[in-house]
Structure formats: C-alpha cells, structure tokens
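Here is what each chain is made of, one letter per residue.
Number of protein chains: 6
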Amino acid sequence: MNRFEKGLDVFSEYMDDGWEKPKNGQMEDPLDSVAPDFRRWIIEAYGEIYGRPHLDKKERALIVIASLVTQGAHTQLATHIKRGLNAGLTKEQLAECIIQCLPYNGFPRVQQALVILKQVIEE
Amino acid sequence: MNRFEKGLDVFSEYMDDGWEKPKNGQMEDPLDSVAPDFRRWIIEAYGEIYGRPHLDKKERALIVIASLVTQGAHTQLATHIKRGLNAGLTKEQLAECIIQCLPYNGFPRVQQALVILKQVIEE
Amino acid sequence: MNRFEKGLDVFSEYMDDGWEKPKNGQMEDPLDSVAPDFRRWIIEAYGEIYGRPHLDKKERALIVIASLVTQGAHTQLATHIKRGLNAGLTKEQLAECIIQCLPYNGFPRVQQALVILKQVIEE
Amino acid sequence: MNRFEKGLDVFSEYMDDGWEKPKNGQMEDPLDSVAPDFRRWIIEAYGEIYGRPHLDKKERALIVIASLVTQGAHTQLATHIKRGLNAGLTKEQLAECIIQCLPYNGFPRVQQALVILKQVIEE
Amino acid sequence: MNRFEKGLDVFSEYMDDGWEKPKNGQMEDPLDSVAPDFRRWIIEAYGEIYGRPHLDKKERALIVIASLVTQGAHTQLATHIKRGLNAGLTKEQLAECIIQCLPYNGFPRVQQALVILKQVIEE
Amino acid sequence: MNRFEKGLDVFSEYMDDGWEKPKNGQMEDPLDSVAPDFRRWIIEAYGEIYGRPHLDKKERALIVIASLVTQGAHTQLATHIKRGLNAGLTKEQLAECIIQCLPYNGFPRVQQALVILKQVIEE
Chain C
1 MNRFEKGLDV
11 FSEYMDDGWE
21 KPKNGQMEDP
31 LDSVAPDFRR
41 WIIEAYGEIY
51 GRPHLDKKER
61 ALIVIASLVT
71 QGAHTQLATH
81 IKRGLNAGLT
91 KEQLAECIIQ
101 CLPYNGFPRV
111 QQALVILKQV
121 IEE
Chain G
1 MNRFEKGLDV
11 FSEYMDDGWE
21 KPKNGQMEDP
31 LDSVAPDFRR
41 WIIEAYGEIY
51 GRPHLDKKER
61 ALIVIASLVT
71 QGAHTQLATH
81 IKRGLNAGLT
91 KEQLAECIIQ
101 CLPYNGFPRV
111 QQALVILKQV
121 IEE
Chain A
1 MNRFEKGLDV
11 FSEYMDDGWE
21 KPKNGQMEDP
31 LDSVAPDFRR
41 WIIEAYGEIY
51 GRPHLDKKER
61 ALIVIASLVT
71 QGAHTQLATH
81 IKRGLNAGLT
91 KEQLAECIIQ
101 CLPYNGFPRV
111 QQALVILKQV
121 IEE
Chain B
1 MNRFEKGLDV
11 FSEYMDDGWE
21 KPKNGQMEDP
31 LDSVAPDFRR
41 WIIEAYGEIY
51 GRPHLDKKER
61 ALIVIASLVT
71 QGAHTQLATH
81 IKRGLNAGLT
91 KEQLAECIIQ
101 CLPYNGFPRV
111 QQALVILKQV
121 IEE
Chain L
1 MNRFEKGLDV
11 FSEYMDDGWE
21 KPKNGQMEDP
31 LDSVAPDFRR
41 WIIEAYGEIY
51 GRPHLDKKER
61 ALIVIASLVT
71 QGAHTQLATH
81 IKRGLNAGLT
91 KEQLAECIIQ
101 CLPYNGFPRV
111 QQALVILKQV
121 IEE
Chain W
1 MNRFEKGLDV
11 FSEYMDDGWE
21 KPKNGQMEDP
31 LDSVAPDFRR
41 WIIEAYGEIY
51 GRPHLDKKER
61 ALIVIASLVT
71 QGAHTQLATH
81 IKRGLNAGLT
91 KEQLAECIIQ
101 CLPYNGFPRV
111 QQALVILKQV
121 IEE
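Residue numbers (full-length UniProt numbering), protein chains in the order written: chain C, 1 to 123; chain G, 1 to 123; chain A, 1 to 123; chain B, 1 to 123; chain L, 1 to 123; chain W, 1 to 123.
If we strip away everything but chain C, and leave its shape as in the complex, we get:
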C-alpha cells in the first residue's frame, strides 16, 4: 500500500458514510487544472500525520479546528467542522472548541468561526 492509499484509508474516517474511496487510486479535484498534485498531497498528509498514534481522531480534529480558527481560514474551517462531525464530535464540542480559542484570539476570530459553525450546522 503506497502513501496515497494509506492516506485514503485515514481520510475516509473523516468523511461521511456516503463517501466512496476512489477505486482507481485517483481522486479528482477542482484544482487539478492548475495544480494536479495538490489533492494527492492532502491525502498523503492524512496518512503521514493524522494516521499517527498518541491522539485519537476527535482530538486531531479539535487541534485542526483550533488552528483554522486562529488563522481565520474560513473555507477550510467549514470543511473541517464537517469532518469533525464525521469523526464523532458533537456540535456542542465544536462550539466549545471555538469558544476555548476566545481568550487567546479575541472576539473577531471567534465570532467569524461561530458564524461558520452555525452555517454548517443549519445546512
């Protein structure tokens, strides 16, 4: 099993039940026309980083969300809130994760993140 396939295995744990692992070991991405390796690098990162021991998938999702709240990465935050739900986090835990960032980031970052959380939950 190569890096990409190992990555897909770990990646699937953060996707909802309807998600199907690509059979030919390839995964299409809207960015293929400008950066055809980009999707592969993301998937490989799941194998190399998310697949490591000592922390479970819920804890890793919380860490990623805290980092995205802090850097104000809104599109990715919406994506990773969904992956966090798929990994087993409740919406209360996701709200607490964002709230826990408040004393270390201030109101603007946290407000932006809570708006995104609300949008994802209401979808």
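Since the hints were made in silico from the structure, they are not lab data.
Any given hint might turn out to be false.
The list cannot tell twin chains apart, which means a pair is met if one copy fits it or any two copies do.
EDC-like cross-link-like pairs, simulated, lysine to aspartate or glutamate; straight-line CA separation at most 20 Å [claimed, not checked]:
| # | residue 1 | residue 2 |
| --- | --- | --- |
| 1 | K21 | D37 |
| 2 | K118 | E28 |
| 3 | K6 | D37 |
| 4 | K82 | D17 |
| 5 | K91 | D37 |
| 6 | K57 | E28 |
| 7 | K91 | D56 |
Got chain C; can you put chains G, A, B, L and W on it based on the hints?
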C-alpha cells in the same frame, strides 16, 4: 464564590502540585505595576471558559496549544505546554499536537514550537 | 448593577440614537443557537475594558479600528467603523486612522479597510 | 519627471497592452472619495521599489505574490496574478510560485491562492 | 523643502528633547550597509502620513501602537512606546491602549506588549 | 531512489560546499528527541516541492524568503538567507527581495528581516 475564586479553582487544575491557591483571594503578577487587572482577567477566563462542560481539561489544553502554535506566541506556548503536562497530557501527546499543526501551518511555526517543547521537557 | 448591566451602559455610547437598551437585561444575538454566552461576553467587555479611565471613547474606537485593520477582520471592521461614527469620530478621522496604518501594514490591509470604510459611509 | 510619473512608467510594465498612461498625470481610483492620495502612493511605490536594480520584473512579481499568498490577501492576489502574467510569467510559473509556499504556510493559504489563480486564468 | 526634510520636521515631534535634526539632511542608520534607502523611506513616511490633518500626534501614536500590538512586532513596539511618551502620552494611556486591544487580540499579544511597556518604563 | 534520497539531492543544492550528504540515508537533527520524523519531512519537501520544474532554484529561494519575511519567521529566515546565498543569489538580490516586501507588509516586518540579513552577511 465570585468570578476570581471560581477561576482560581479551575486554574489550579493546570498548575503543578506545588502551586498554592492564594489565601487572600489576590495573586501577585510581574505586570501589576503597569496593568494591575491583567492577572485577574486571566484567572477569571479560567472560570468562564476553561470551566465549561463538553470538553475535558486535556482537550482544552490541546486546543490552546494548537492556537498558540498557529500564532507563534512562544512565551505563552512554553507556559501552556507546562499546564498541559499538569493537566495530564504526555510529552508524546504534546509533540503530536504540534505535529498535527504541520499541514495547516507549514514548517516554520511547527519547528519553532518543537524547539520550545524540547526546551520545556529538558528543563 | 452587575457586569452585564454596566457593560450595556458603556456599550450604548457606541450605538446610534435609535438603539434601545434591552429592558429585561437580556440581548438576543444571531449566535445564541450555537454560543448563548457569546453576546454577554462582548457586552461585559465593554464594561470591563471600554469603561476604564485615561482614554476617551473616540480614542478607544481608533485603537480598536487600528487593530481590526491590522488583523484584516472585515466584518468586525465595518461594525466598529459604525460604532466610531456613533462615538463622535468624523469620516475624515476614520480615513486617517486607516491611512496611519499604511506604513506599518502595507497596501493590502489598508486597501481592504478603505473599501469597507467607503461601503459603510455610502450606506 | 516627478515620483508619480516615474512610478507610472514602471507601473505600465505590469499592465496589459490596452492600458493607457493617464495624460494629465492623474489617475482616478474608486477610493478617491475616502482617500484621494491612496492611488498616488501605490504608483509612487512602483517607481521607488519595483524600479530598483538587481531583480527583474518577473522576480519582483513572484516575491509579491508569495507575500500575498502568505498573508491571505485575496483581492490583491488576483490583481497581482494578472500583473505577473503581464510581466511575462506563465500560468505554470504562477502555480509553482504558490506551490512553493506550501511547506512554509500549509494547505489553507495555498488552497485559497490556487482557487484564485484558477479563477483569474479562467476569466 | 523636500520630502525628507518635511519628514524630519514631523519625525522630530516624536523624538526626545536631546534628539538633533541631522544638519546635512542625511541620517545614519545601522541598516545602511544592506539597505541605504531604508531610513529615508521611514523619515519620508513621517512627512507623508504622520504629517496629515484630522488626527493629532497622540492619536496617531495610539493607532500605531495598537497596530504593532496586534502584529506582535516587539522591537518596533518598544520604539513606538518611547515615541508615544515623547508625543505626550502618559504611561497610563499607553497601558490603556494595550489593554483596549485585549478583547480583539486575546491574552498572548497583550501580555507580550505589557511586558515591553514595563521594560520601556523601567529603563 | 526513495523520497528521502530524492529530497537529499535537491536539498544539497541549497547547502554550502562543505555539506556532505549522509551516507546511511539518515540525517540527525536536534529535534529528533521530540519529533524524529520532522527532519525527514523537511528533506522530502525538497524533493516534492523544490525539485519541480518551471522555476529555478534562485526563484524558489526568493519566494520562500518573501514568505518568511511576511510571516515574521526569524530563525527560518536566517537559515533560508544562507540557502539563498548557496543557491547563487547575491546579497544585493537578497536585500532587494526583502525591500520588495515593503509596500505589501510595512516597515516592521521589513526592518526585522533586514536586521537578520545584516547579521547573516556579517557572520
């Protein structure tokens, strides 16, 4: 019990065994000469934010550390690595927390954080 | 008078004349469904921070706007430009506040902020 | 030739063939109503900074794009991708410039930038 | 009077009484060996930006300090705290400026800034 | 040749003449005690990212330096200024790279970077 006292109770869970809760409900801080309310606000934040339900103290420590890695707040990162150890995280878990930030922050932030983790552990 | 009520008093100075202080000491917020304490924390911050001595409300509004320009917090910048106008700043002073950030932030942050200032003024 | 005129000369190298240098030495800008000097400062920066020796215009465009990717300045990134194309960079070189930022910034910043590159190229 | 000389006039208002305007219209800087125009650009920025109407020098100093607190620019923060004192701000006002950044930046940025304020005041 | 070995080949182009490729395919790093995979990931990134076509090694070094200036990553900036020199950039080109960041980042980031450039050159 007022906000400060409630905060001290939660704060004590992140301090080592030698730490003693101030008896007179006051806590000296090096910054008292320029901002005498600053320490109080920190302690109150422990009661208001860390003391909330849905996430345990290890999860909250991981979230804070991920945020500090992301913003490159080195002094505070050293402090919160120690508090994470006091809250029960192992040094392997702390290393994984920082490593999990790699795909979302890149090498510089993570390298700086690992250097600080190494210094704290070696102390 | 508790923290929230004290905060409401200070907060009202940054709101336009049509704003009415909530009578039941509660204030609805779109984020109540995900983080029901969030609005309360903001209001309390007005009492704890904005309500302090040594700087007047115009100076505090300038400081907040400079910080929001620097962190690129666009939604909050629009809000605080309006609050600055309510606090008595002229649109020329608001433009100068953003322009004064230019040598310390560069063109992108300042251009984004001027676009927002223009939108708020034209509304 | 004053600073503004010198700036216009350098600026023209980053504009497409249809762009015409303003004849009266003035250049209108949507931000004139709030900050009438803002456009002049940008043009002067082309004379003072872009017009310097040791690096050519393609290299300067790559540097600016790398900085804008890093700070997540999306509107300005779209503008400078177009200027980079006008300065002679290929779309492959622009994609590589953004990809080279990946190990130092992580996936979110780079994904946002690739989305913008794709939009500019497809226009 | 050229840009540099106009800049020196405005710059002198932020320097202490012992500071003497360079007689030959030139100003030495430690960075001259790598970037001989750098000091000139800073001085010119004082004429172009600080010298504008609608805000006084204390207000401009507060805005700059708020921006430097937000971006965590420690060396420049120490410099501009001194210039703020020279411009007539009291140490209490400087502390309040930093404290006013707390709700919008969180504890780490503000703590770092207060440590620097304390160092400058104690010097 | 695996990823690490391919990475070492590309990495060697950014190292000075005295640098020797590790014979056993392993490379010691001060961070091995906390994150033994960290050095391998860096080296692999050289093979995966720096080793790509369309941009030469000088251009890639300029892009990385521009990104590090922008994020204020001082330790890594010193390292990559040295690697830029090894890749064939002159000290004048390195100064221009940092200066080109000025209009997009402002004085603090650029001043910090020029101080580091000066230190590296004087070593």
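Evaluation of the provided hints:
no.	hint	in the structure
1	K21 <-> D37	within (18 Å within a copy, 28 Å between copies)
2	K118 <-> E28	between (29 Å within a copy, 15 Å between copies)
3	K6 <-> D37	both (16 Å within a copy, 17 Å between copies)
4	K82 <-> D17	within (12 Å within a copy, 39 Å between copies)
5	K91 <-> D37	between (33 Å within a copy, 16 Å between copies)
6	K57 <-> E28	neither (25 Å within a copy, 30 Å between copies)
7	K91 <-> D56	both (18 Å within a copy, 15 Å between copies)
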